[in-house]
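Participant: Assemble chain Y onto chain H, guided by the hints.
If you want the building blocks of each chain, they are given just below.
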Amino acid sequence: MTRTVSLFVSCFNDMMFPKTARAAVKVLNKLNVKVRFPDEQTCCGQIHFNTGYAPMAVSLVKHFVESFRGSDEVVALSASCTAMVREHYLELASRTHDNELISRTEELVPKVFEFSEYLTGVLGVTDVGAYYPHKVSYHPTCHSLRSLHIYHSAVELLGAVKGLELVDLPYAEQCCGFGGTFSVKNSAMSTAMLADKTASIVNARAETVVAVDNSCLMHISGALRKNGTGVSVMHLAEVLAQGMDGGEI
Amino acid sequence: MKSEMAKAKTGFPFTSIEQINNSQLRANLKSATSAIREKRAKVVGEKQDWEELRRTGERIKDEVLSSLDEYLLQLEESVTKVGGIVHWAADSSEANRIILSLIQEHGESEVIKVKSLTTDELDLNEYLANHGVSAFETDLAELIVQLAHDKPSHILVPAIHKSRSEIKELFENTISKGRVLGDGPAELAEASRLYLRQKFLSSKVAVSGVNFAVAETGTVCIVESEGNGRMCLTLPKVLISVMGIEKVLPKLDDLAVFLELLPRSSTGERMNPYTSTWTGVHPGDGPEEFHLVILDNRRSHVLADPVGRQALRCIRCSACLNVCPVYERSGGHAYGSVYPGPIGAILSPQLFATEASLSLPWASTLCGACYEVCPVRIDIPRVLVHLREKVISEGYKSKSEEASFRLIALVLNAGRRFDLIQQVATRLRRPLNRLFLAGSLPGVLGKWRAARQIPEIPKETFRMWWRANGSDNGN
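Respectively, the protein sequence lines represent chains H and Y.
166 is the number that our numbering gives to position 166 of the first sequence; each next residue is one higher, with no gaps.
190 is the number that our numbering gives to position 190 of the second sequence; each next residue is one higher, with no gaps.
To be clear, the hints were calculated from the coordinates, so they are not data collected in a lab.
As the structure is a computational prediction, the values presented were derived from the model and not from experiment.
Be a bit skeptical, because a hint or two may be false.
Below are the BS3-like pairs computed for lysine-lysine, each with C-alpha atoms no more than 27 Å apart in a straight line [said to hold, decoys possible]:
1) H:19 to Y:459
2) H:62 to Y:397
3) Y:204 to Y:81
4) H:26 to Y:459
5) H:162 to H:226
6) H:226 to Y:459
7) H:30 to Y:459
8) Y:39 to Y:151
9) H:34 to H:19
10) H:19 to H:226
11) H:135 to H:162
12) Y:204 to Y:237
13) Y:151 to Y:162
14) Y:162 to Y:177
15) Y:162 to Y:30
16) H:226 to H:135
17) Y:151 to Y:168
18) H:19 to H:162
19) H:162 to H:26
20) H:30 to H:111
21) H:111 to H:226
22) H:62 to Y:390
23) H:34 to H:135
24) H:226 to Y:447
25) H:135 to H:30
26) H:30 to H:19
27) Y:459 to H:34
28) H:226 to Y:30
29) H:62 to Y:399
30) H:30 to H:162
Next comes chain H alone, as it looks inside the complex (with noise of 0.2 Å):
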């Protein structure tokens, strides 16, 4: 049977990566997974959360429970967004004291999958036939590391991939120094993590960092690119997509 799933992009990816949920439809299409897209979706609301603006958070909770009500399965292409539905959101619809808010919460989170945890844990796949013959390093954003502990579904989708050399990050566990709005708020610190970052990338000598964020990926290619290091950042679903039917995403 056919399974469905409802697409979420997160409103970064729409804006400004858009090929990564090209990528992501590609790869779910091949593995016959049927995508529909909510179009009223948006935000998940974790940059107004995590910077201190919960109460105006609660708006777009609701909004994005709303917009994915009566999904199967919800894959989202983003473990921080994911981290923040599965962590967050039952408490942030229980201050509404309405209850049928709640209640579509928490039939709703438990259906919340990020890209790669769905791929492995729900549908059991680690080659997609995917190919890519260069030399990659997989930064484990922390959202992905700590809070939903899918280090290993990555890694494992990586090394599935033909061609695809996985090489070691040093400090891989160590946080870019993104954090949202600490990149500015605490612009100089920010800075001092994400030179480190960058060296530790640029000795592991990868062509390409991988990542199941692009909120830390266009952090990390900021510097990459700024510094004229020559080291390119992909999204999972990106490598995914590579060597598949259909040319050019």
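Facilitator: The following block gives chain Y in isolation, referenced to the frame of chain H:
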């Protein structure tokens, strides 16, 4: 005034800059924290029931916090029964007055001290000095910090910011009175030993903190590495120990859990070298007089916050400092508090609520490394976000930031509105991308671009593409 705080040149973003650019400090911290991190990971990894131990530690502390009044009264009764004297201090000035008067009652003008964060919180040494009493730190690192007229920068390793050569020079100019020393650890330790032995043998009064105090028996426990604490706890005639109200444990058996959790988390040892426990006074054995000062100092205020109160579970192991990427690059002084690092970022704003400390909840990327290692499972990222919300709701905020977030939320509250804004941005992508690449950028974008390129806005958003290409997915 409050809304101006965000613009004031105080708080972590400013206090950390000098440390970030201090190459010696960065090198010292990186090597010290990585070494402790590895040791901790190794000894924690060998405990199969580590998660269960953490949960047990959490449960015991939560039980204590839920009935704190009862456990404290039971502790007072137990300590009194075995010959100790209990004093209650509502705040730091009351605690300082109590300690000073106890010292003065014995006609002393010198005391020796066991390393204690709580007495640092009280600024006890300074208070005593202002009243004619000299307090001598006996923990090697605390001694270094004291001799240098410096402040501790780490909970467990207060002189982590100092290198051996700096310590050698310091000792030569102070306790070794001009004698030339080598910079080997053994020689530096010997120099301090020669100095401290005299203090141990001549002092009549010692002041200590408390790691754990057992309500059931009145037993007090201190863990340490050097044995200098043991000297202070056994040689002087009078012992004064200060504890925060959260340090009480219900039963003696509970110590078994924490004596596993604490050394493995803090020094990365299976067992710490010296664990001293004492129960009241015993004629001819140890101090003849024992005073226990129980300190609130706004801890009951922290207890009143259902999310923030978990900070009171802290057993001061410092594992969160050692794994924190921010602490590793700023050191402890940037936090402007006796409690630095991630735990300091949630304790200091709650305990002290000084204007500078209110910036600390934002001094984190919420990476979660601290929560992962905390032996009593304090969800530090959760508390940080909670405190951000609290600080803002109390009016310490930037009005322009709040307005921007309100506007963003408004746009994001409807798919159609977000689509419209995206379409506008996409149409304007050429001039916008040129501006982002090389134009003059004020505010947030300018700060971002100082170290990073801004990504280009693509020619179509995902939802634009989907409208044109997505329908074959059965929609």
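Participant: Indicate, hint by hint, whether the structure satisfies it.
Facilitator: Structure-based check of all given hints:
no. : hint           : in the structure
1   : H:19 to Y:459  : holds (11 Å)
2   : H:62 to Y:397  : holds (25 Å)
3   : Y:204 to Y:81  : holds (24 Å)
4   : H:26 to Y:459  : holds (20 Å)
5   : H:162 to H:226 : violated (31 Å)
6   : H:226 to Y:459 : holds (22 Å)
7   : H:30 to Y:459  : holds (26 Å)
8   : Y:39 to Y:151  : holds (26 Å)
9   : H:34 to H:19   : holds (18 Å)
10  : H:19 to H:226  : holds (22 Å)
11  : H:135 to H:162 : holds (12 Å)
12  : Y:204 to Y:237 : holds (5 Å)
13  : Y:151 to Y:162 : holds (11 Å)
14  : Y:162 to Y:177 : holds (20 Å)
15  : Y:162 to Y:30  : holds (13 Å)
16  : H:226 to H:135 : holds (21 Å)
17  : Y:151 to Y:168 : holds (18 Å)
18  : H:19 to H:162  : holds (21 Å)
19  : H:162 to H:26  : holds (18 Å)
20  : H:30 to H:111  : holds (21 Å)
21  : H:111 to H:226 : violated (39 Å)
22  : H:62 to Y:390  : holds (22 Å)
23  : H:34 to H:135  : violated (31 Å)
24  : H:226 to Y:447 : holds (14 Å)
25  : H:135 to H:30  : holds (25 Å)
26  : H:30 to H:19   : holds (16 Å)
27  : Y:459 to H:34  : holds (26 Å)
28  : H:226 to Y:30  : holds (26 Å)
29  : H:62 to Y:399  : holds (25 Å)
30  : H:30 to H:162  : holds (17 Å)
Hint compliance for this structure: hints 5, 21, 23 are broken, all remaining hints hold.
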